[in-house]
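Two chains, each in its own frame: build the complex with the hints.
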Amino acid sequence: MKEQHQKRYVFVIEISKCIDCKACMVGCMAENQVPVEHSRNWVHQKGPNGVFPDLGMSFEPGNCMHCENPPCERVCPTRATYKRDDGIVLVNKDRCIGCKYCMMACPYNARYFDEKKGVVDKCTFCVHRVTAGLDTSCVHTCMTGARHFGDIKDSNSEVSRLLATHEHHVKLAAAGSGPAMYYIY
Amino acid sequence: MTTKLRKRSPGKGGMTRRRFMEGSAASVAAGILASRLGGFENLALAKQRADEVSSYLREIPTVCEMCVWRCGLRAKVRDGVVVKLEGNPDHPHSRGKLCPKGNAGIMALYDPDRLKTPMMRVGERGEGTFRKASWDEALDYVAEGMKKIKEKYGPQAMVMSSTHNLAQLQFENLMQAYGTPNYGTQRSLCFNAMVMGFTMTYGTSDVGGDYANTRYIIYNGRNLLDGIANSETQDLIAAIQRGARVVVLDPRFTKTASKAYRWFPVRPGGDLAFFMALNHVILREGWYDVDFVEKHTSGFDILVEELEKCTPRWAEEKCDIPAEQIFEVAREFAEAAPRAFAHPNWRASNTLNSFQTERAIAILNALVGNWKQPGGLLPSGGEGGGLQLGCYAQPPYPRTAAMRLDGVPLKYPLVPLKLGVFQELRDAVLRGKPYPAKGWLIFRQNPLMSLSDRARTLEAFRKLDLIVTIDILPNDTAYYSDVILPESTYLERYDPLSVVGNKVFLRQPVVPPLYDTKSALEIFKLLGERLGLYDFFQYRDEEDYIKTQLKTVRISLDRLKQNGYYEEAVHEAAADREAEMVFQTPGGKIELASKTLEQVGFDAVPKWRELPRPDKGKFYLLTGKVAQMTQSSTQNNQWLSKHIPENTIWIHPRAAAVRGIKDGDMVFVESRIGRIQLKAKVTEGIRPDCVWTTFGYGHRSKGLRTTYARGALSSDIHQSLTDPVSGSQALSQTTVSVYKASV
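Residue numbers (this note's numbering), protein chains in the order written: chain A, 1 to 185; chain B, 1001 to 1743.
The following block holds chain B by itself, in its conformation from the complex (with noise of 0.2 angstroms):
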């Protein structure tokens, strides 16, 4: 098979690719930065540009990739140019509204510091010294490497990792066509906890809460005003507009926290208890739903022993909250239902605990039976859901021999294979045991960043003879590769559909990309054939991709380029079935008690443990989002890095002022594995035991010329811990101490 991607075809409006390069820099230069028209003096002008909105404007519609919240969007583009990203009022992600990310992904457009073109390695790594290379060149050497690898060590001395995205699924094709079975995700480092939590209660994770006509609902941890969700956010603050009551289990005072109707600055882990408390009340005062439980649950006298002594009272010096206020939240919430429900949240307090509390929460919903109720929770049927696309017929992957690095499923017998641990996939290659890995390959993610305990994951780069990064900037990861791969942005290039439920998106490019770089379906497919994979990447591009997707689905792709999404009509059949009460468990009942946990040697049900407290004059290390990040990967941009440059620690006056410390002094902070320095903020708005800073700054990429070593990384100083049960990483057991930095 011969199959050269084709060569793209000229922009539209006559424009061929060069001209188009040549009248970019000129516009981007002197352009859009630097605005060329600037204000609007007077009418004539102002209408003049009020044609220009009607007439001169084209409007694409896409799929925003600022976060992995996928809105839709439309993209105005005006000589070549994305002038203005705004929200598709069609897709039920954003309807017709864009958050502050979303917003500013015309700057992530035009970062001047994107990466241009493949780039090799020439200094020592770490050092940041690349040459230019032509995509031949690097993919030639990217795959003669791995070949190698794959020879000499066999395919499992390759590790791969990607964060969720569109094109993941052809990631894990061109993993498991080349045959390793180590891949790393962020999953382990966010939601184990959550997804597992609810799966071994309902049999599913896929679940949210039915904002429009709830009366009560209780987040632990979850903060949607600053870790926005857009359509979920827009729910929240509609649902309170409403009069319905929130509750917000945090130890900071979020904004979240500010619009609640109870705000608890909980201890963390303290949560669990809390939980336990709730389901205890409910249970002793017989506020359950009988029908409910008698019907749909299974486990129920177990759960009633284990909570018998888990009192308000009992819980109050656990959690910090006090008796009479679990009792009232109890009340209410049992008031509410089941117009009411316990938000799934992501990491609820991020400990050792997160898990069982997630059992706790997942249980406390089934007693008041608010499952596929008005106002409870409802499976979402979320994205992979619904819908099903096209797809090639392949052969089968080889087999793979090999264990897992990151212990699944010998070490985290529980935790699904998609899911990973990849904290210990980490540590396994550092180790290199039970064998040594050789190559990593990385794609839309920044390990060297999100994964805790930062010098453990640069010393295991040193251990592999082959980093290869692809990515549209050049964050950490991508600094200390040999290899770069500059892919294009969203609004560059097409990616696979995204699926919403029984509606179908588009992602396709905006404008073509602005330098020498490709989609990933792309590069996967480059890549994929001179490693051998030939029936593996049987598209011919991106749009023929798409196409074999649209198989199933009626509409073609030129009419979904125009529309932006295609939606099916939902079929009656499939509606009934929705109505039904299945749960995918053992038992095919909610679990209120799990034989699977028990069988392992869990716990079948929540049980309290008490977990370690910071030592005397030592803090909880806490960290948390703000709405203007995604992660680690947005301070670079400039329309975002403007609002927050950089990252501060957030403590309490008390506590500042017993170590001297005043508000915008800079401090040490400090835990078992390393110190970090930032500024200090203090407020009231945070636990006197806890300190609280913002992921994502600390960037040592020299390349990032906006953020570049801008505020300090919490993953320098936050130890590896994991949830035996769940593999998820346990930030919040850090504890560090903060001084004031001497001058």
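Bound-form chain A, shown alone (with noise of 0.2 angstroms):
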């Protein structure tokens, strides 16, 4: 029998076989029907570092952090942006007002302002994908693997075993929002 717990759903980035290829980009647009002038996702180039010929270079891929804390969902006057048990936070467009309050406050820059709908958006965690058992889009299409999901509760979960083995960060730890988005270097 397969124990019954409260799931908590996190991403986990190795930074070391990221290509920079942004095929998890495409792909959201694709799978979220984003409007082509927002992205609800992204990949940080960081370089080239140094001096020629001495160079270093990687690529960081991000996107909403879905925080432990989330000050989008303080800040948020309606209670538009809210946080599942399950951890993932999002927003109710019927509550939304389009205050933009929750991109200020957002410390990842990973909200955007939708103008034709006139609320703001973000990424979901696939949560329809993810409800349907699936993985989310960007993880799906991720041609090296440098992107995982799972729920962090299940020690035997893909991200828990990495997370076990390898040292890793979160962005921005000082903003004390715990972002469930670990990064292994």
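Careful, some of the hints might be misleading.
Stated by the list, open to error - With a straight-line cut-off of 30 angstroms between C-alpha atoms, the simulated BS3-like cross-links for lysine-lysine are:
no.	chain 1	residue 1	chain 2	residue 2
1	A	Lys171	B	Lys1681
2	B	Lys1625	B	Lys1740
3	B	Lys1702	B	Lys1681
4	A	Lys46	B	Lys1625
5	A	Lys116	B	Lys1642
6	B	Lys1625	B	Lys1662
7	B	Lys1702	B	Lys1463
8	A	Lys117	B	Lys1642
9	B	Lys1662	B	Lys1681
10	B	Lys1681	A	Lys46
11	B	Lys1740	A	Lys46
12	B	Lys1642	A	Lys100
13	B	Lys1679	A	Lys46
14	B	Lys1372	B	Lys1418
15	B	Lys1642	A	Lys46
16	B	Lys1589	B	Lys1418
17	B	Lys1702	A	Lys116
18	B	Lys1642	A	Lys171
19	A	Lys116	B	Lys1116
20	A	Lys93	B	Lys1642
21	B	Lys1679	B	Lys1702
22	B	Lys1662	A	Lys46
What the hints assert, rightly or not - Short, incomplete list of chain B residues facing chain A, as computed with Cβ under 8 angstroms:
no.	residue
23	Gly1087
24	Gln1234
25	Gln1241
26	Ala1627
27	Lys1642
28	Thr1683
Honestly, the hints are just simulated from the structure, not real lab data. Yeah, the Cβ is synthetic: ideal placement off N, Cα and C, and Gly gets one too.
Below, the structure written as structure tokens:
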């Protein structure tokens, strides 16, 4: 029997595998019908650092970090932004009034304003796919396997095993938001 | 034979074609691009969408065509709209993953600028004024024109050109049945040097590396993290993760270089010296596989003699790589061998030395005996190998009396007819010698951008009475054509089957055509029939064609449509043959020294030839790929162009500083034949004597509204210089000056 427990979904990124191809970004556009002028995820190029020919460069994918203690949720005057028990942070479009406080509050610049709909939007952790038992679109398409997602409360999950065996970091830990996106270098 | 293609059957789900188009026009306009649902506010909606994932969606397996790697994919279709493309886990090229281009295939289908109907030019060529035409009118016009050319000047006055694609066999069928020998492909613009270098050594160029078991890989100008080859890119990253050491030679700090164990910013063209020195060290130190070399190679003594002086110290100045490090790489490579390979690459450094560089690379692999060894070089038995498909019994093609315009074989005796020398073909059209060309039929290719020296290609176009382009987009070549025939995109059509080893894959329509477009198979047949070539186009329609291909394979088309592929069991006898050491060379051995080359008057073993270097203050002009684009065909794709809307010119900070150029400044890049304007990207990631940009921007067609006039085209300044052995164009031999565009 599988143990019943409250899930906590997280992302784990293996930086050394990311090649900055942006397949995760294009796949997300299709999966979530993101307006072409926006993106829900990103790949940041770090570098080249150093002086020719001693150079280094790496690539950091990211998206909404589905924080444990989301600043966006705290500042939302209408409770449009909320966190589910499994840790996924969502925006209820019916309640969103487009005030953009959450965009200001987000330490990761993970949100955008959808001009057409007049609401703020962001990564939903592909909740529709995850609910159906699939992986997220960005994880699904990643050619090199840099992106992982899973339940950190399940000690046998891929993410738990990766985190148990690798040194890892979160972005802007000092912001105190408790991001659920772990980076392995 | 009266063989009109059958009317397409109505789309599944009871929608007629007409209704589909009405429906889809509405849903395309308001729907997929502008996001119909957008966001999943609450659990209820999420659950509803989750149900849709399983029940409302149809998943149809097919084959991608956003580049030439042909990944298997699964198209998710809802209410007649393609909503998602995902990799087919059963396909060896995708393994369930898609690159950014593959993901963006939806926007190739729903590109608002697509060709929607046949078009006939009404204004001057290049003016971009066309009128709509019916298929009958357009095809009649093309056939009439081609018949006239044939009658008056002979079939050889018609040039036909196309780039790597599944329907190419039938395009060649049309060409050969019509009777012209003048065929232009991308090959000499791309990989002639590699194909010929490896063929002259091993008897085959169908070679890959055993990534799963390798410990050491040397790449020379191959940038797999930008020039994505899905499965191979996956393999490379997996190999690095496993601890394989990767050496990258590239004048630019590429993404691949950033993952490498050693990156050498090699001098363009100096790569030949580097590989000669590696071979020298391995011979001198006795690190080669004596048994293998004795048993399976020929010409050892000649090679030893030639390489005697090619020490790392000798090579150092030529390739700009310190002698100690050349020695180290040789030692590491030999130590890792046979679990090590030097990758065949595509174009090496793309200089006049590229052919001999590829030879030196092939020889390096042979010396350490990595052929068919775990972690070494493997004949890949790639596409075209393996499974044999059925075909129609056709009469022989008419005899072609005329010599080819591209100089094969007279000027280029060793270049296979299949490869050709495209840039020479263009130049012959321009000269009108040895005989004038009068027409050019272009299929899925964009020579007005892809051929170096665009001004010359435009000039050559002016010599022609008839230019016809078959494509999905109004690209630059279509824009300068007389007739444009719109093809259906890969998501709307069948193509001939794709064979990968012992598997066969089906490209099939996942939605009916959005517009009045046709498959290449249908277009060739309709054109062929109008040319009176009935016996060469016996298929009734696409399905009939594929059924004939399947006659030798134990699967029905209906099953194949569902599964997307079929795998034939590998016979043991065939597997045994694989293990044999058979080389299809004249002597049956790996040719370290090539008699063939010698007989024709070329160097039998790689010989150093000093190439001209840029004059003081000038740069090598380098070009390469970016991960989000395929040559010049994807810049109008909105999901891709948003990531790289225009190309920039990379320049080293020192070189920029003396010219007063700051990052983001507009600069002129000027060669002997022209000048383009680009935004400067000042970066440490390039040699100070090189500048780099990516090819494929600077479209002149106003029909491409997303990318029109964005960036600039390297072919406007690339000179057409050709390697005399392989016919490869030597792009990196063009040198340029760079200066600030004064405001």
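Inset, instruction - Output the numbers, in ascending order, of every earlier hint that fails for this structure. - result: No numbers; nothing is violated.
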